[in-house]
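Peer 1: So the chains spell out like this:
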Amino acid sequence: MQKEEAKKMAETINDASEDWCASAPFESRPARVVRRESLVPNLELLTVQAPTVAQKIRPGQFIVVRADEYGERIPLTVADWDRREGTISCVFMQVGTSTYKLGNLQAGDTLATFVGPLGKALELDQWDTVLCAGGCYGIGSMFPVARALKETGNQVISLIEGRSKFLLYWLDRLEAVSDRMLIATHDGSLGKKDGYPSIVEELLASGERIDRVIAVGCTFMMYEMAQTTRRFGVKTIVSLNPIMIDGTGMCGACRVSVGDETKFACVDGPDFDAHQVDWDVLLSRRKAYLGNETDSAERSTSVWKR
Amino acid sequence: MAKKKIIPAKMPMPEQPAAERIYNFDEVPYGYTPEQAVAEAERCLQCKRAGCVEGCPVCIDIPRFLALVAEGDFRGAIDLVKENNALPAVTGRVCPQEEQCEASCALSKRFEPVAIGRLERFVADWEAAQGPPRIPKLPPPTGKRVAVVGSGPAGLTAAADLVKEGHQVTMFEALHEAGGVLVYGIPEFRLPKAIVRREVDYICALGVKLVKDFVVGTTATVDELLEVYDAVFLGTGAGLPWFLNIPGENLNGVYSANEYLTRANLMKAYRFPEYDTPIVRGRRVATIGGGNVAMDSARSALRLGAKESLIVYRRSREEMPCREEEIHHAIEEGVQLNLLLTPVAFHSGGNGWVKEMECLRNELGEPDASGRRRPVPISGSNFRISTDVVVIAIGQSPNPMIPNTTPGLETGRRGNIVVDEETMKTSKHGVFAGGDVATGGATVILAMGQAKIAARAMSEFLETGQW
Chain A
-7 MQKEEAKKMA ETINDASEDW CASAPFESRP ARVVRRESLV PNLELLTVQA
43 PTVAQKIRPG QFIVVRADEY GERIPLTVAD WDRREGTISC VFMQVGTSTY
93 KLGNLQAGDT LATFVGPLGK ALELDQWDTV LCAGGCYGIG SMFPVARALK
143 ETGNQVISLI EGRSKFLLYW LDRLEAVSDR MLIATHDGSL GKKDGYPSIV
193 EELLASGERI DRVIAVGCTF MMYEMAQTTR RFGVKTIVSL NPIMIDGTGM
243 CGACRVSVGD ETKFACVDGP DFDAHQVDWD VLLSRRKAYL GNETDSAERS
293 TSVWKR
Chain B
131 MAKKKIIPAK MPMPEQPAAE RIYNFDEVPY GYTPEQAVAE AERCLQCKRA
181 GCVEGCPVCI DIPRFLALVA EGDFRGAIDL VKENNALPAV TGRVCPQEEQ
231 CEASCALSKR FEPVAIGRLE RFVADWEAAQ GPPRIPKLPP PTGKRVAVVG
281 SGPAGLTAAA DLVKEGHQVT MFEALHEAGG VLVYGIPEFR LPKAIVRREV
331 DYICALGVKL VKDFVVGTTA TVDELLEVYD AVFLGTGAGL PWFLNIPGEN
381 LNGVYSANEY LTRANLMKAY RFPEYDTPIV RGRRVATIGG GNVAMDSARS
431 ALRLGAKESL IVYRRSREEM PCREEEIHHA IEEGVQLNLL LTPVAFHSGG
481 NGWVKEMECL RNELGEPDAS GRRRPVPISG SNFRISTDVV VIAIGQSPNP
531 MIPNTTPGLE TGRRGNIVVD EETMKTSKHG VFAGGDVATG GATVILAMGQ
581 AKIAARAMSE FLETGQW
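Chains A and B, in that order, give the protein sequences.
Under this note's numbering, think of the first position of the first sequence as -7, with each following residue one higher.
Under this note's numbering, think of the first position of the second sequence as 131, with each following residue one higher.
Worth double-checking, as some hints may not be accurate.
What the hints assert, rightly or not - Below are the EDC-like pairs computed for lysine to aspartate or glutamate, each with C-alpha atoms no more than 16 angstroms apart in a straight line: (1) A:K48 x B:D353; (2) A:K255 x B:E379; (3) B:K342 x A:E29.
Because the hints were derived from the structure by calculation, they are not lab data.
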């Protein structure tokens, strides 16, 4: 970063009315919730004021949040940002205690932890045609990826999938940064019925040129994509979502097996070659605390407002 | 000085009985009473050439400190200690005194040395009981800004020394709580977190600004810090855990010590589900390694409900690098030592969870570079240990994030930042480093000693502008 930019960044964070802040850049300030809204059932969009992170974030990177002082540290991929406003937006699914807590936040609340940007940024290049596939929270996470690929001069085909039409969102936003939109729903309420692998298969089998596939979503969705594209030998990048704690390479909770090597998803990733990932290890490690999740949910629903 | 009667043994320090303490995370020793402290301090011979001072990495005037305690002047004693050591309540608990000050105590040749560590702990706790700490008068501001990266032992020490010189200090921490290894690594029963928080609060009260949730390397790079700060101190520790690189290591139930202890300590998983972070509470926990971190893990496992806690170490008891006190406490609590073993694989019960650890038996060969006898596996001696949680505590090295994002910062073979030992200067103008990030994994007090050297050199650099 250039000198002026660093100065500007320091200025935005500082509150000139406070002497100390004015003389000490990078003052820490708790991340405040600007907005929290339900996009579709179970999927929430959280927008947070975090100017330092917003200045730096790049497509593919993630942040780590903790809803309150009792909370877990969990990683969330980033769905959008506004460098001028200093905000970061994340889409997440409410599945357990931590995400339920996040989903209960209201504008004006502060987060106990909000740290980033973490992980390597997605490799961006001019590959010609890129298929961007998103499912679940990954539809949101795919948006900045598709946008960046488009800006880099690629033909972008966006593919979004869900169980039903009412679980899809941001079609308009994605359309604006895509050359083509493909939609798949399990029930056929919108786009093609019976899931997306068949779309991908048809596309690749038809001989259409796809130089690279990028997939973000639940582990199973990314696994299915890996299986499909493997047969056609199309390079496929997935954004892995293992359990993490610090997000800086300190604990090793997020280790994944990639091409017979152990990698830390937080610092070596989160993006990896889908055809090299050991999916059994990833799926198994993601489920390590499912039993605890029940205990935690029982408690947090009974003492919700502690 | 008149000849005085030598008392051969240390005043014992009362502690929680082992049978009780394995069911809680409360601190093990209770500390001295004032009477016990005075009696212990009176054992000091007040040597003219005091070996203890030479043995202290932060050069505390120990004979004078002991004389003040013996006189009952606890205020004078703590003020003296704090001149050189910003974290006395911490070092009084976790320093390996038996290798440092107490090893050089004149008494130690024939008797037990003076319990310098316990007395340091005593005066620090005494001060805490008196209410808010006294803030020393600080010199006028120099107008220089310093960034301290990392808030562990090295960062806290550097920050304290620099702010006392009148510099404006901002301390950056990647996690949500300051203290580094003192809060994520060392367990509550060995170092209560309230004590760390008190020490951090003291340093902030001196005027140091703490910025948490800020990862130098990504949130801002060192070069970006240098745009707004006149000098940078890197005290980021050794946060990258080592693994064994053997089959089955990614099974569920296999933890790095960093993860296991971070869950238990920083995230308070021992209070799950009151706190949201879970931890696997194994019935038979095997910890691999023979250092203090391994002891901390094995003892934490008992408190998390393990029926059996095993240490698996590749050499023999004599070669174990942990403190004598730690192993003593561990054995007292029922931790079982399994020596001369090399793990070669982890096996699952077919469900993705670890069930057994396969080991080879070792014999001791010739001494290696560390001077300790090298473990040599006996081929064909494979056998299996049943276990449901494994903790790998075989060491760690510096996190590569800062070196990777800082052009011009030279690193050594193990990823440590190369420094000039006289000044702790790195290869990059304006950047200093100290603690585990420079040494690659040592003790709290050595990190503090290096931070003090760095702070002195930084002040000189800030004053003269000479690199």
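Peer 1: Confirm or reject each hint.
Peer 2: Tested hints:
{"no.": "1", "hint": "A:K48 x B:D353", "in the structure": "holds, 14 angstroms"}
{"no.": "2", "hint": "A:K255 x B:E379", "in the structure": "holds, 12 angstroms"}
{"no.": "3", "hint": "B:K342 x A:E29", "in the structure": "violated, 28 angstroms"}
Hint 3 from the list above is the single one not met by this structure.
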